[in-house]
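Asker: Taken in sequence, the protein lines are chains Y and C.
Following this note's numbering, the numbering of the first sequence begins with 4 at its first residue and continues without gaps.
Following this note's numbering, the numbering of the second sequence begins with 4 at its first residue and continues without gaps.
Bear in mind the hints are in silico, worked out from the structure with no lab data behind them.
Computed from a prediction, not measured in an experiment: that's the story for all the values here.
A hint or two may mislead.
Identical copies look the same in the list; a pair holds intra-copy or inter-copy alike.
With a straight-line Cα cutoff of 20 Å, these simulated DMTMM-like cross-link-like pairs (lysine to aspartate or glutamate) come out [unchecked claim]: (1) Lys371 - Asp485; (2) Lys337 - Glu422; (3) Lys367 - Asp485; (4) Lys185 - Asp67.
Protein chains: 2
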Amino acid sequence: MHKKLVLNVISRILLVVSLIMVLPLGWAVLDDPSSAESRSFIITILLGLAIVAVIRKFSPASGDDFDVMGAKDGLAIVGLSWIAVSLLGSLPFYLSGVAPTFTDAFFETVSGFTTTGATILTWIEGQPRGVLFWRSLTHWLGGMGIIVLSVALLPAIGRGAYALYRAEAPGPTAERVRPSMKETAKTLWTVYFILSAAEALLLLAGDMPLFDALCHTFGTMATGGFSTKNASIAAYGSYIQWVIVAFMFLAGCNFILHYQGLRGKVKSYWRSEEFRVYLTITLFFISLFTLVLGFGGEGFSESTVRQSAFQIVSILTTTGYTTVDFGLWPAFLKISLVILMFVGGCAGSTGGGMKVIRVYIALKTGAKSIIQVILPNAVMPLKIDSKPVSDTYVVRAAAYFIIYMFLFLFGTVAMTITESTDLVTAFGASVACLSNIGPGLGKVGAVENYAWISPAGKWILSFLMLAGRLELYSILILFVPDTWRK
Amino acid sequence: MHKKLVLNVISRILLVVSLIMVLPLGWAVLDDPSSAESRSFIITILLGLAIVAVIRKFSPASGDDFDVMGAKDGLAIVGLSWIAVSLLGSLPFYLSGVAPTFTDAFFETVSGFTTTGATILTWIEGQPRGVLFWRSLTHWLGGMGIIVLSVALLPAIGRGAYALYRAEAPGPTAERVRPSMKETAKTLWTVYFILSAAEALLLLAGDMPLFDALCHTFGTMATGGFSTKNASIAAYGSYIQWVIVAFMFLAGCNFILHYQGLRGKVKSYWRSEEFRVYLTITLFFISLFTLVLGFGGEGFSESTVRQSAFQIVSILTTTGYTTVDFGLWPAFLKISLVILMFVGGCAGSTGGGMKVIRVYIALKTGAKSIIQVILPNAVMPLKIDSKPVSDTYVVRAAAYFIIYMFLFLFGTVAMTITESTDLVTAFGASVACLSNIGPGLGKVGAVENYAWISPAGKWILSFLMLAGRLELYSILILFVPDTWRK
Chain Y
4 MHKKLVLNVI SRILLVVSLI MVLPLGWAVL DDPSSAESRS FIITILLGLA
54 IVAVIRKFSP ASGDDFDVMG AKDGLAIVGL SWIAVSLLGS LPFYLSGVAP
104 TFTDAFFETV SGFTTTGATI LTWIEGQPRG VLFWRSLTHW LGGMGIIVLS
154 VALLPAIGRG AYALYRAEAP GPTAERVRPS MKETAKTLWT VYFILSAAEA
204 LLLLAGDMPL FDALCHTFGT MATGGFSTKN ASIAAYGSYI QWVIVAFMFL
254 AGCNFILHYQ GLRGKVKSYW RSEEFRVYLT ITLFFISLFT LVLGFGGEGF
304 SESTVRQSAF QIVSILTTTG YTTVDFGLWP AFLKISLVIL MFVGGCAGST
354 GGGMKVIRVY IALKTGAKSI IQVILPNAVM PLKIDSKPVS DTYVVRAAAY
404 FIIYMFLFLF GTVAMTITES TDLVTAFGAS VACLSNIGPG LGKVGAVENY
454 AWISPAGKWI LSFLMLAGRL ELYSILILFV PDTWRK
Chain C
4 MHKKLVLNVI SRILLVVSLI MVLPLGWAVL DDPSSAESRS FIITILLGLA
54 IVAVIRKFSP ASGDDFDVMG AKDGLAIVGL SWIAVSLLGS LPFYLSGVAP
104 TFTDAFFETV SGFTTTGATI LTWIEGQPRG VLFWRSLTHW LGGMGIIVLS
154 VALLPAIGRG AYALYRAEAP GPTAERVRPS MKETAKTLWT VYFILSAAEA
204 LLLLAGDMPL FDALCHTFGT MATGGFSTKN ASIAAYGSYI QWVIVAFMFL
254 AGCNFILHYQ GLRGKVKSYW RSEEFRVYLT ITLFFISLFT LVLGFGGEGF
304 SESTVRQSAF QIVSILTTTG YTTVDFGLWP AFLKISLVIL MFVGGCAGST
354 GGGMKVIRVY IALKTGAKSI IQVILPNAVM PLKIDSKPVS DTYVVRAAAY
404 FIIYMFLFLF GTVAMTITES TDLVTAFGAS VACLSNIGPG LGKVGAVENY
454 AWISPAGKWI LSFLMLAGRL ELYSILILFV PDTWRK
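Okay, chain Y solo, but in the shape it has when bound (with noise of 0.2 Å):
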């Protein structure tokens, strides 16, 4: 590893999400310019600069120099300034008095820039609304990638641009829909710009006040999960709740057919075979848990489809909104719940999950063995677009799953060991931080809150949604000797 290149890389990123505190400064300024909101932002702030000022004297490095920086730099940058980000965005959390201890404020932070949504607040509602926007916004930064946002907006450093990109953007493949790594991270944070801006004028049309506006559209783009509302989205009517379902679905999209779709290419959603996996599931699931609940006694009306939808969605693409407490459901449709909560959304979105595409591909090389078995000799690409996929390919998708397994039984087999709860919820807590989702089962459920977990908990549920988002390599790598090697 090149430390002083990566120190000199993470120096960049802390400024920008310095600088970036500045906005919910201001509405914490707004409401009370002296109040201890607004001065925890201004310290927090000042520190990440001082900081970002010794690290770039001590570590200078500039245009060329980066272009040693190989994929292990790569890596090792996105987890290290992934904890090092999530440390300085606790402050505010911390400084304010909002977390209680400092352990929940950097679970809260970290929640939030993996856009788990799972909070350790217990009334939303009493918070002071810098810290509420500033915790939203944590979502809005992660989704779509703190560091592909540095890449866009600071000069380029070179070839390692794409290290950095591979290494942060979710999903098996990295695309690049522009020749340059800088044009490819401006464009993708332009079209989540866009589509962010489409759903708080549709929030705002829908009477929602413009704060709640901002902080919703924050959570659903990034498939957060954090709300103003101790209620989530069951606060709001059934226009807002059915915006949010729309842009829920839309931000567990591959944001590289959105790009071709804002350029008129529609056609790309339906030649890409993972959109079309994603929303059969979506409609398959939406129309089975309409029918159970139908039958079961709600009837079928508009709100039976709307909460069979916004639970559905919400789940699939790891947001963690809900209009319902889903923990009263039949165990059916909590087991279905369940299993959508390791699939997520489409690579390249900003949801999390093992990805469709690659549950996908493991159910077809399952399929395909079965197959192999009755005609031993017949030759069968495993095809995805058309396009045959590789064995090396299809073992890289399989190490993954077995690497998310273990992750999800490490997590689940140490609640059991610090919180000494019952399996259902110690399951529930881990696969919903691996997964990024929020809401787990249990005391972990649609209507609780991660408060009462303990310190050791809180830590290690952290792990878990870092490994999550950042699609374990970046993480895992951090505890293997060899990174820290030159």
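Following the hints, complete the assembly by docking chain C onto the known chain Y.
Answerer: Relative to the frame of chain Y, chain C by itself:
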């Protein structure tokens, strides 16, 4: 599929099973020749022989005819003959009135042959001995394989025998220890017989009655789990429990190692990487459980070590005997047991689960992928027993893993529908049947039984037990239309 050949082979297997039923008939007649029990065995045996005669008449085949049999026929024969044998084998349970319905009788028989050990009997001590003997004997026959036994006993059925052996033998590879298939089958059954005799003698030496000693030997060596006592092995003292621990462990080893061990090549055990992993897992978890239980208030006595060792080895080898209600243990120990439920015994053992070797390859694949991220150009062949493992093989193991997980989820979802039970019970029943363990969690836990499950639930669990025992493919291909074409 060569339908006539397939039918012919199935008739041979039915013949073997019909003749073996003379043994439980013997017990029944000794107790009371005129009982419903004795009559039920006589009827079943006669019916079995009649079916065999009819099939042989309409589907004659011999010697060279079998040379055309392919992998597809082998798999179909294994799948269909296990179903046929289970249907025939369930008659004594049904006709004697031990099982209240035919569904219960079929469930109990499948549970026996697949060495699962899940029971619908609520009061075991009150059942007639002939039926209990048959119940335990189904374990022993299914453990090493009914078809392998038939190949060993009957006139050779040529090259097709290897296809059968491959399809029935547990684990990803089916090694031959002797040049001919018939010799291999005889050798394996001889080793199985010798170890079983040794266990029976040791149990008799511990003052266990002959009937109990034979039944528990069948249950142990097959990693089955049916007992003749309501309290399972908790009904016996410390010496008996340790003997059973030792033989459960041996039954979970690859029997080819035992063959070599009996020929004096004791080093073979240590040379096998899978055995070393299996031993390490066993010792690690026994130590861990002893520590947790010891510090948790049970103290550090022989009893604590024994209870840890018994439950760990019983679950890991998928036997399912119990000496304590592990449902009352802390959640951390319960989740550890659940993880072991998926692992299972070694390839080529009588144990179920995914097999140690597949899980080990999966973990190695995961670990390798992390290192490859850091050192992308490193050439790192995945090795087992110092031999490289090809990508194709890893994909096949991954495919197996995926289908296993899919069936597990299918079972869990199905249980939530048919039983409207809690998630832990649904989850426990699904994994306990698929991995051929027997006791699960919740309402199918260590001191519970499967009597309360609905008929639909029992058929679904029977399907999972068969799919799990026959390594998925033999049962799954029966659902592929292409299998039934000529």
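Asker: With reference to the structure, classify each hint as holding or not holding.
Answerer: Results for each hint:
In this homomeric assembly, Lys371 and Asp485 come within 20 Å of each other (Cα to Cα) only across copies, at 14 Å, whereas the closest approach inside a single copy is 38 Å. In the homo-oligomer, the alpha carbons of Lys337 and Glu422 lie at most 20 Å apart only across protomers (14 Å), although the nearest pairing inside one protomer, at 23 Å, exceeds that limit. Taking the shortest alpha-carbon separations for Lys367 and Asp485, only the inter-copy value of 18 Å comes in at or below 20 Å, while the best intra-copy value is 35 Å. Within a single copy, Lys185 and Asp67 get their C-alpha atoms as close as 15 Å, which meets the 20 Å cut-off; across copies the closest is 70 Å, which misses it.
Taken one by one, the earlier hints all hold for this structure without exception.
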